[in-house]
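Keeping the supplied structure of chain D fixed, place chain V upon it in accordance with the hints.
Next come the chains, spelled out residue by residue.
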Amino acid sequence: MNSSKELLKGTLTTIILKLLSENKRMYGYELAQAVKERTKGKILIKEGSLYPALHKLEQKELIQCEKVNIGKRVRKYYHLTPKGKTQKEVAIDELKEFLNTMHQLITTQPLYGHTQ
Amino acid sequence: MATLNETQVDWLVERLIRDSIATESLQEDLIDHFCCYIEEKMAIGHTFEESYALALQAIAPDGLKEIEEAFLSIHNYKPFISMVRILYFSSFLATFLHILYFLFKHLYWPGAHALLQAGFTVILVLVLPSLGMLTYKHRQNLSTLDTRRMIIGMLAGGCISLGMLLKGLHFPGGSILFALGCVLLAFVFLPLFLYQLYKKSIAG
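Same order as they appear, the protein sequences are chains D and V. In terms of the working numbering, the first sequence has 78 at position 78, counting the first letter as 1, and numbering is strictly consecutive. Take the position in the second sequence, starting the count at 1, then add 1000; the result is the number in the working numbering.
FYI, nobody ran anything at the bench for these hints, they're computed from the structure. Beta carbons are placed, not taken as given, at the ideal position from N, Cα and C, and that holds for glycine.
With a cut-off of at most 27 Å between alpha-carbon atoms, the simulated DSSO-like pairs for lysine-lysine come out as follows:
#: 1; chain 1: V; residue 1: Lys-1137; chain 2: D; residue 2: Lys-46
#: 2; chain 1: D; residue 1: Lys-72; chain 2: V; residue 2: Lys-1065
#: 3; chain 1: V; residue 1: Lys-1041; chain 2: D; residue 2: Lys-72
#: 4; chain 1: V; residue 1: Lys-1065; chain 2: D; residue 2: Lys-46
#: 5; chain 1: D; residue 1: Lys-83; chain 2: D; residue 2: Lys-18
#: 6; chain 1: V; residue 1: Lys-1065; chain 2: D; residue 2: Lys-9
#: 7; chain 1: V; residue 1: Lys-1137; chain 2: D; residue 2: Lys-9
#: 8; chain 1: V; residue 1: Lys-1137; chain 2: D; residue 2: Lys-60
#: 9; chain 1: V; residue 1: Lys-1065; chain 2: D; residue 2: Lys-42
#: 10; chain 1: D; residue 1: Lys-67; chain 2: V; residue 2: Lys-1065
#: 11; chain 1: V; residue 1: Lys-1199; chain 2: V; residue 2: Lys-1137
#: 12; chain 1: V; residue 1: Lys-1041; chain 2: D; residue 2: Lys-42
#: 13; chain 1: V; residue 1: Lys-1041; chain 2: D; residue 2: Lys-36
#: 14; chain 1: V; residue 1: Lys-1041; chain 2: D; residue 2: Lys-76
#: 15; chain 1: D; residue 1: Lys-76; chain 2: V; residue 2: Lys-1065
#: 16; chain 1: D; residue 1: Lys-56; chain 2: V; residue 2: Lys-1137
Covered stretches of chain D (in silico footprint by chain V; criterion: 3 or more residues with CB under 8 Å from a CB of chain V, positions within the stretch not fixed):
#: 17; stretch: 23-29
#: 18; stretch: 37-50
#: 19; stretch: 65-79
If you anchor each label on the Cβ, the simulated ranges turn out as follows:
#: 20; chain 1: D; residue 1: Asn-100; chain 2: V; residue 2: Leu-1103; range: 52 to 62 Å
#: 21; chain 1: V; residue 1: Leu-1093; chain 2: D; residue 2: Asn-100; range: 39 to 49 Å
#: 22; chain 1: D; residue 1: Asn-69; chain 2: V; residue 2: Ser-1201; range: 52 to 62 Å
#: 23; chain 1: V; residue 1: Arg-1015; chain 2: D; residue 2: Lys-83; range: 33 to 43 Å
Isolated chain D (complex conformation):
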């Protein structure tokens, strides 16, 4: 079962920031594959969402890209900026809080800890 596109929409940038924080640098295809492998194929990031999201993060100066020539093609490796590292923490906390609240709303039990 593929996760809903709508549900994924708001979390894509957090997923990218998290993956980049765990790896020194990653390229687009590698990011998409990492998500697919970690979620056992339940979450598939479409290229139409991935590259716009990467460029949006680059515009916000949360990530930077480094171009490496591989034969005649260019591979763009993305890595977190210091600003991106800080933002990653905030984004993950926000997502955890949101997931916890949603879990509590549906099951009446918090996923962990207590929500405000």
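For chain V alone, coordinates are given in the frame of chain D:
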């Protein structure tokens, strides 16, 4: 895993450019993405051509243009917000000037004519162009009937505004334009708009 040779990469670049991916930065991303996918498929025994067909189906089943549009929408976000602001502000200003015109006219105060001319100028110069640009930007989310209605509405608005301005300045052609605009508005735009509202309310 084998890496694609230069001829194969050139062939891919040509295909992507042919499919209208004009943004260089996105071209670089997509070429590498396609290459990685193709290399992965070739490693398990597919030919280059088969791998490309599989890549196209997996990466861009609805065409590469869709990816570029999503990409460009991010870069055009700020101009888009400015356009929305212009539309809302100018619509407010045009309505405000028309209300003032009615007030001044009713109370026989001087300046009513200038207020009316200013109101129509705002519609012609700001409201209609910004509305046109936003409609064009959202064209993919609009049905054919919606697009036609918007075009007819803008044409009617343009004819009425320009007609009134020409009439006010005593230039020729004003009355014809004004009449044409009124006909479009009353006999085409309004029935179409109400019909669509009716259909939506039944469907909803």
